[in-house]
Structures are given as structure tokens and as C-alpha cells.
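A.B. asks: Residue-level listing of the chains:
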Amino acid sequence: MNADLQDIWVYLSASPLLHLTLTLAAYAAGDWLYEKSGHWPICNPVLLAVLMLVGLLTLTGTDYHTYFQGAQFVHFMLGPATVALAVPLYRQFDRVKQSAAAIVISLLVGSLTAIVSAVAVAWALRAAPQTLVSLAPKSVTAPVAMGIAEKLHGLPSLTAVMVIATGVLGATIAGGVFRVARIRDPRARGFALGLTSHGIGTARAFQMDELSGAFSALAMGLNALATALLLPLLYHWFAG
Amino acid sequence: MIRFLTLLLMCQLAGEVITVGLGWLVPGPVVGMVILFAGLMVKGGVPRELGDVATGILKHLSLLFVPAGVGIMLHVGQLEHEWLAVSAALVVSAVVTLAVTGWIMQWLGGAQRR
Chain Y
1 MNADLQDIWV YLSASPLLHL TLTLAAYAAG DWLYEKSGHW PICNPVLLAV
51 LMLVGLLTLT GTDYHTYFQG AQFVHFMLGP ATVALAVPLY RQFDRVKQSA
101 AAIVISLLVG SLTAIVSAVA VAWALRAAPQ TLVSLAPKSV TAPVAMGIAE
151 KLHGLPSLTA VMVIATGVLG ATIAGGVFRV ARIRDPRARG FALGLTSHGI
201 GTARAFQMDE LSGAFSALAM GLNALATALL LPLLYHWFAG
Chain F
1001 MIRFLTLLLM CQLAGEVITV GLGWLVPGPV VGMVILFAGL MVKGGVPREL
1051 GDVATGILKH LSLLFVPAGV GIMLHVGQLE HEWLAVSAAL VVSAVVTLAV
1101 TGWIMQWLGG AQRR
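Protein sequences, first through last, are from chains Y and F.
Residue 32 in this note's numbering sits at position 32 of the first sequence; the count goes up by one each step and never skips.
The number in this note's numbering is simply the position in the second sequence, starting from 1, with 1000 added.
Treat each hint with caution, since some may be false.
Claimed, not checked - Among the chain Y residues that face chain F by a calculated CB cut under 8 Å, a handful are:
#, residue
1, G38
2, P41
3, L78
4, G110
5, P129
6, L135
7, S139
8, A165
9, T166
10, I173
11, G175
12, A181
13, L195
14, A228
I should point out that these hints are in silico values taken from the structure, not numbers from a laboratory.
The structure presented is a predicted model; accordingly, all values stated were derived computationally and were not measured.
Heads up, the beta-carbon is just placed ideally off N, CA and C, and yes, glycines get one too.
Working from the sequences, and respecting the hints, build out all of it.
C.D. replies: Structure follows, in C-alpha cells:
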């Protein structure tokens, strides 16, 4: 690299603009590939964008902290987006009311299933206790899951990775699971997606239809509450 | 548009103040969602511009998870020893949770309609 280019690189890599732009560009490229593949679930835009960015950062020797200085502006929007979920929820509220009893029971069973199935498998395969705690809230939207992991002495940033992985995984396999299990009701599909795979599952549910999307947003919000209440109880029960 | 973007931020801010002030484990944005929802109930409708702002943000919801996902870089060392246990747990749990939750919801939903 000659001196001028070196100067430009040093300047750019110190400003948040570069990594903010790269984040959007990687996602746009991932989204384009997803469209091109005819919505093939493996070509999940989040998965593709993360792979591209990790590859690029590794090649250029950039650490995560530097990357996050730019990417934080995107990350920040998770908050207002969570608040905005009230809008589709309100629009579908009549149908939500009709299903109130089904929602409460599905929430309790689903929330416990998400926690216990993950922890049991990882425990049987001898994962460390700290990994188990970081894994337990993985179905809950990232900011909540990280808060829970922190309270229970897990690793919040490891939890964030598990959360994203669960989101991508759920969105990818949901179509197949629903076909095999013969789940056809859009309310059930949306609720299962949002409970299992939080925001990424909700993004997938909105691609199906608005009713699925609204039930998914509802399940995501309720599971955040349910897990925040249930997990500390389970933790003290098993660890205490 | 700016008005309603401000409204979303104000709901979030109110949510954060409440959760921190009362020491709740529930995150601020979730409380913010409840506040906005209550507001819509009182108003009895979604203003068109608010609908546009919400749809605009939610259309690209999955983009917002990319920065946290790149955080996997920080944990390559830890996952080296436990990748099998962690991946197996994530896959099994995603399949089982999707199937169990969807199945119960469909079953109860159908029973309730009759």
C-alpha cells in the first residue's frame, strides 16, 4: 500500500462511516442474493451479511470494537423497532383477543420448551455451566436476552450470538417444520415463529402475511416477559 | 415523519426510565411497546403517518440484528470446544419449540373457534 492509500485507510477506519456503510452494503447484498435464490431459506440475509462481514473484518485485521463504532447506529434502531411493533399488534388486536386463552397456554408451554430443550441437550453434551446460562434465553429478543444472561452471571455477548443463531435457524427451518407438523393456521405459525425466533422470526412471519406477523410480534413480546420471569425461577431451582 | 419517529423514541425513553427506576428485569423497549399500544387503544386508531414509519422500520427488521451477529467474532475461542453441544442444542430446540408451540396454538385456536 502506498503512503496516500495508507492515510486514507487510517482515516476511514477511524470513522464510523466505513463500518456503517459496510453493514448496510452487506445486508443489501445478502437481501439481493435471497431474492435471486427465490427466497431459499438457507440464503437468509442476516446469515449472509454476518458471514461477509466476519470474513472482511478478519481479512483486514479489524477488531469487533472498531467495527461496532460504526455498526452501533444500526444496532440502536432495535429499540424504536421494538416499540413500533405496537402498530401491527394494534391492527390485529381483535383477532388476538379472540385467541386469548390459546395464547396464554401456548406461551407458557412454548417458553418452557425453548429453555428446557436447549439447556438439556447442551448439558447432556457436557457444555460448561456458564455456556448453559448464556444459552437458556436464546429465544428472546437480543436486548432482553442479554439482560437476563447478565443477571444470571452468563456471558451477555455470547448470548447475543446464540440469539441471532436461533433467529436465523428458526426463520430458515420454519417452513419445513410447519409442513411436516401440519401447522397451517397463520396465527399458530406466527406465534411459533415469534416465540422461537424473536425479531428475525417476526421478519419471516411478515413475509407470510400480516396476521402471522402480528401474532409473531405478540409472541416475541410475551416471550420476553415470560422468560424474564421464568428463567430466574428455574435457575434458582436447579442451581440453588 | 419526524413527529412519529420522535414519538417512538419518547415511548422507548419512558420505558427505559420506568424499568431502570423500578428495577425491572423487563427491557425498556418492551415497556415502550406497551405504552404505545395503550396510546393507540386510547386514540382508537393508527395515524397514517405513524403506520408508514412503523412499516418502514419493520420491513427491514432483520437488518438490525446484523451488528450483534457479527459479535460471533468475540467467541470463536470459547465455541471451539463447545460448538457441537451448542449447535445441537440450538437446532434441536428450534425444531421442538416451533413444532410444540405451533401445534398447541393451532389445536387450542381450533378448539376455541368451535
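A.B. asks: Tell me, which hint numbers fail for this structure?
C.D. replies: Hints 1, 2, 5 and 11 are the ones this structure does not satisfy, whereas the remaining hints hold.
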